[in-house]
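J.: Here is how the chains run, residue by residue.
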Amino acid sequence: MTSIHCSISKPCRPLVVLLLAALLAACAPVQPWERGRLAQPVMALDGNPMLSAMDEHVYSSKEASSGGVGPAGGGCGCN
Amino acid sequence: MFKQHLRRKLKRSVCAILLAAFLPHAHVHAAESGSAGSDFRLPTLGGDGELTLQDLRGKVVYLDFWASWCGPCRKSLPLYESLYQEIGSQQFAIVAINLDETREDAVRFLKQHPVSYTILLDPVGSTAADWQIRVMPTSFLLDRSGMIVREYAGFEPAHIEDIRHDIDTLLDQ
Amino acid sequence: MKKLSSTVRSLIASSLGLPGMQELLAQEPPDEGISYLFNYYDEEPLPADKLAFGSPERYTIYSQQLRWVKNLDESYSLTVELLHEGMSGSSPWYVMPDPVAGPLQVMSGATIRENRNQADVALSRRGNGFTHTAALGYSTEDDYRAVYGRYSGEKESADGLSTIAWGLSYSDDDLEPTDAALFGRVESATRDSFSVSTSFTQVLNRNALLQTGVTLTSQSGYLSDPYKLVWVGETVLSDSRPDRRVMWTWTTRFRQYMERSKAALHIDYRYLTDDWSVRTSTLDLAWHQPAGENWEITPALRYYTQTAADFYGPIFSTTPGDGYWSSDFRLATYGALSYRLDGVMRKEKWSLSLAAEYYNSARHLALSGTPQDTPALVDFWRFTASCTVNL
Numbered sequence: 001m002t003s004i005h006c007s008i009s010k011p012c013r014p015l016v017v018l019l020l021a022a023l024l025a026a027c028a029p030v031q032p033w034e035r036g037r038l039a040q041p042v043m044a045l046d047g048n049p050m051l052s053a054m055d056e057h058v059y060s061s062k063e064a065s066s067g068g069v070g071p072a073g074g075g076c077g078c079n
Numbered sequence: 001m002f003k004q005h006l007r008r009k010l011k012r013s014v015c016a017i018l019l020a021a022f023l024p025h026a027h028v029h030a031a032e033s034g035s036a037g038s039d040f041r042l043p044t045l046g047g048d049g050e051l052t053l054q055d056l057r058g059k060v061v062y063l064d065f066w067a068s069w070c071g072p073c074r075k076s077l078p079l080y081e082s083l084y085q086e087i088g089s090q091q092f093a094i095v096a097i098n099l100d101e102t103r104e105d106a107v108r109f110l111k112q113h114p115v116s117y118t119i120l121l122d123p124v125g126s127t128a129a130d131w132q133i134r135v136m137p138t139s140f141l142l143d144r145s146g147m148i149v150r151e152y153a154g155f156e157p158a159h160i161e162d163i164r165h166d167i168d169t170l171l172d173q
Numbered sequence: 001m002k003k004l005s006s007t008v009r010s011l012i013a014s015s016l017g018l019p020g021m022q023e024l025l026a027q028e029p030p031d032e033g034i035s036y037l038f039n040y041y042d043e044e045p046l047p048a049d050k051l052a053f054g055s056p057e058r059y060t061i062y063s064q065q066l067r068w069v070k071n072l073d074e075s076y077s078l079t080v081e082l083l084h085e086g087m088s089g090s091s092p093w094y095v096m097p098d099p100v101a102g103p104l105q106v107m108s109g110a111t112i113r114e115n116r117n118q119a120d121v122a123l124s125r126r127g128n129g130f131t132h133t134a135a136l137g138y139s140t141e142d143d144y145r146a147v148y149g150r151y152s153g154e155k156e157s158a159d160g161l162s163t164i165a166w167g168l169s170y171s172d173d174d175l176e177p178t179d180a181a182l183f184g185r186v187e188s189a190t191r192d193s194f195s196v197s198t199s200f201t202q203v204l205n206r207n208a209l210l211q212t213g214v215t216l217t218s219q220s221g222y223l224s225d226p227y228k229l230v231w232v233g234e235t236v237l238s239d240s241r242p243d244r245r246v247m248w249t250w251t252t253r254f255r256q257y258m259e260r261s262k263a264a265l266h267i268d269y270r271y272l273t274d275d276w277s278v279r280t281s282t283l284d285l286a287w288h289q290p291a292g293e294n295w296e297i298t299p300a301l302r303y304y305t306q307t308a309a310d311f312y313g314p315i316f317s318t319t320p321g322d323g324y325w326s327s328d329f330r331l332a333t334y335g336a337l338s339y340r341l342d343g344v345m346r347k348e349k350w351s352l353s354l355a356a357e358y359y360n361s362a363r364h365l366a367l368s369g370t371p372q373d374t375p376a377l378v379d380f381w382r383f384t385a386s387c388t389v390n391l
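One line per chain: the protein sequences are A, B and C, in this order. The numbering used here numbers the first residue of the first sequence as 1 and each following residue consecutively. The numbering used here numbers the first residue of the second sequence as 1 and each following residue consecutively. The numbering used here numbers the first residue of the third sequence as 1 and each following residue consecutively.
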C-alpha cells in the first residue's frame with residue numbers, strides 16, 4: 001500500500017499541500033461565454049465512449065489491472 | 001504553528017469553494033425582468049456598421065447570446081430563423097450577439113445554419129458580462145421601450161412555442 | 001421607470017413558474033444516433049525460442065459493436081449496446097523448465113474457437129443538475145456467463161465548472177469450462193465482483209480541466225483460470241488463486257488546450273494496488289490535433305507497468321505452503337509500451353474514426369519489482385474503425 005501510505009506519512013505532507021496549492025492557483029473563474037475552448041471536441045474527457053470501452057476491454061483482458069473512472073461493466077472469460 | 005494555521009486556512013477555503021459550487025444560491029441580477037437592458041455598441045458580422053440597443057427602440061426585440069461551440073445553439077438558431085421569417089421585421093427584430101473568440105468560428109457555423117437576422121460580434125464578451133449571462137445560450141425579450149420582459153436561460157426546441165407566444169403577446173399590445 | 005402593463009406583468013409572473021426555463025439548463029441531452037465499431041485484434045506468434053510445444057499462433061479477435069442512443073423525452077435517454085466477438089487461436093497453457101533454454105511456454109495444442117455476445121441497456125435521467133444512470137447487461141460465451149448491473153450518478157455545480165460523480169456496479173459470473181472431465185478442470189464455478197467509485201471533475205481555467213477519482217473493487221469466488229496449469233515440483237497442477245481480491249484504483253485525467261495549435265494535450269494516469277501485491281501504473285499521453293476543416297489526428301503513447309502477484313512464478317520447484325500458484329503471464333512483473341494513431345473525421349450528421357495500435361510488452365519495461373522469466377508476454381496489433389450517424 002505504498003501510495004496510500006504516502007498520502008498520510010509525514011514527509012509527503014508538504015508535497016500534498018504544495019500540490020493542492022498549485023491546483024488552487026491554477027483555478028481561475030471561467031464565465032459561461034468563456035468556455036469555447038473547453039467545449040472543443042479535442043478537450044473531451046472521453047471523446048468516443050464506445051472506442052474507449054473497447055480499449056479498456058482489450059487492456060484489462062491482457063493486464064492485471066482493470067477499471068478507471070466510473071463503475072465497470074460485465075466480465076468475460078478472457079483466455 | 002504557522003503550518004498548522006496555513007493548513008486550517010487551506011482546508012477552510014477548499015470547503016468554501018466546494019460549498020459555493022454545490023449550494024444553490026440566489027443570483028442578484030442587473031439584467032432583471034422589468035428593468036431596462038444595459039446598452040451596447042457592437043459591430044455587425046458583415047462589417048457594415050455598428051448597432052446599439054437604442055437603435056432598436058420602437059420594436060419588440062429578441063436578443064440572443066450565442067456561440068458556435070454551444071451545443072443547443074445548433075438547434076436554436078434555425079428555429080429563431082423560421083420565427084423571424086414568420087413574424088417579419090416590421091415591428092420585430094432578432095439580434096444575436098456572437099461570443100466566439102474569432103469571427104471565423106461564427107462564419108463557419110453560419111454557413112451551416114444561415115440566418116437573415118442581425119448578428120453582432122462581441123469576441124471579449126463584455127455585453128455578456130453586462131447582461132450577467134449564467135448559461136449558454138441565454139436570450140432576452142425586450143418590449144418596444146427596451147424593457148426586459150423575460151429572460152430565457154438555456155434552450156430546448158420545445159421552448160420555441162413559449163417564446164413565440166410571449167412575442168405575440170408583446171406585439172399585440 | 002415606465003409602469004409595466006398588466007399583460008407584461010403576467011408574462012413575467014408566468015415565466016417564474018415555468019419548469020425547465022427558469023433555472024440553469026447547461027445540462028444537455030446526449031446526441032442521438034447509431035454507432036458501429038469494428039475492432040481487429042491480432043497477437044503476434046510466440047517466438048520459436050520461447051515455445052516448448054503447442055501452437056505458436058496466438059489470439060485473433062474480431063469484435064463488432066453497435067450502439068444506439070435515443071432521447072425518450074426532455075429528461076430520459078436510453079442507450080442500447082450490442083457486442084459480438086469471434087476469437088480464435090491458442091492460449092498459453094503452462095510454463096515448463098528447460099535445462100538449456102530456461103523456462104519455455106507450452107501452448108494449448110488445438111485452435112480454440114469461441115464467440116462472445118453481450119447486451120447492455122442503460123437508462124439515464126437528467127434534471128436539476130443531476131444525471132442518474134442505471135444499466136443492466138448480459139454477456140455470454142460457450143463457457144462463461146455474466147449478468148451485471150450498475151448505477152452511476154453525477155451532480156454538476158451551479159456554475160457548471162465542477163462535477164461530482166459516484167457509482168456502484170455488481171457482476172455475477174458463472175463458469176462452465178469446456179472438456180472439464182477430460183482435463184480435470186473444475187466443472188462449474190462462480191465468481192462475483194462488486195465495485196464502488198467516485199470522481200471529481202474541475203474546470204481549472206478556460207484552457208484546462210482535471211478529473212480525479214477512486215474505485216474500490218472486490219472480487220470473490222473462483223478467481224483462478226480453469227484453462228491454465230502450473231509446473232509445481234515434478235508435476236503440473238491447476239492454476240490456484242485466492243478466492244478473494246480487493247483492488248484500489250486511483251485515476252486522474254488532465255486536459256490542456258493549446259492556443260497556438262488549437263490542439264489538446266491529454267494526460268491520463270492510473271494507479272492500482274490490490275491484496276495480491278499487484279501494483280500497476282498506467283500513463284497515457286495523447287496529442288489531439290485538429291487538421292483541416294473536419295479532421296482530428298491523435299498520436300498517443302501508453303506506458304504500463306505492473307508488479308507480480310505474490311503467488312506468481314513461471315515454475316515452482318516446491319509446492320507453496322499457502323496453496324496458491326499461478327504462471328499466468330498477466331500476473332507477472334513486466335511493462336508495456338503501446339503506440340497509437342487515431343484519426344477522426346467529423347461532419348454535421350456523421351463522424352468516422354480510425355485507429356491503429358501496436359502493443360509491446362517485456363520484462364525489462366517493468367519500472368519496479370523483480371521480473372522473472374515470462375515467455376508468454378504478449379505483443380499485438382489492433383485496428384479499429386467506427387462510425388456514428390446522428391439522428
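What the hints contain is simulated information worked out from the structure, not anything from laboratory work. Certain hints may be false.
[Stated by the list, open to error] Derived lysine-lysine pairs resembling BS3-like cross-links, with alpha carbons at most 30 Å apart:
no., chain 1, residue 1, chain 2, residue 2
1, C, 50, A, 62
2, C, 347, B, 75
3, C, 349, B, 111
4, C, 262, C, 349
5, C, 155, B, 75
[Claimed, not checked] On the chain B side, residues computed to face chain A include the following (Cβ under 7 Å):
no., residue
6, 99
7, 120
8, 123
9, 125
10, 128
11, 130
12, 133
13, 136
14, 140
Keep in mind that this is a model prediction, so the values were computed, not measured. Here a beta-carbon is modelled for each residue, glycine too, at the ideal position from N, C-alpha and C.
J.: Please go over all the hints and tell whether each is borne out by the structure.
T.: Quick rundown of the hints versus the structure:
1. C:50 with A:62: holds, 19 Å
2. C:347 with B:75: holds, 16 Å
3. C:349 with B:111: holds, 15 Å
4. C:262 with C:349: holds, 23 Å
5. C:155 with B:75: This hinted pair holds, its Cα atoms lying about 25 Å apart.
6. 99: holds, 4 Å
7. 120: violated, 14 Å
8. 123: Hint violated; residue 123 (chain B) Cβ to chain A Cβ min 10 Å, cut 7 Å.
9. 125: OK, holds: residue 125 (chain B) within 7 Å of chain A, min 4 Å.
10. 128: holds, 4 Å
11. 130: violated, 12 Å
12. 133: holds, 5 Å
13. 136: Hint holds; residue 136 (chain B) Cβ to chain A Cβ min 5 Å, cut 7 Å.
14. 140: Nearest chain A Cβ about 14 Å off; hint violated.
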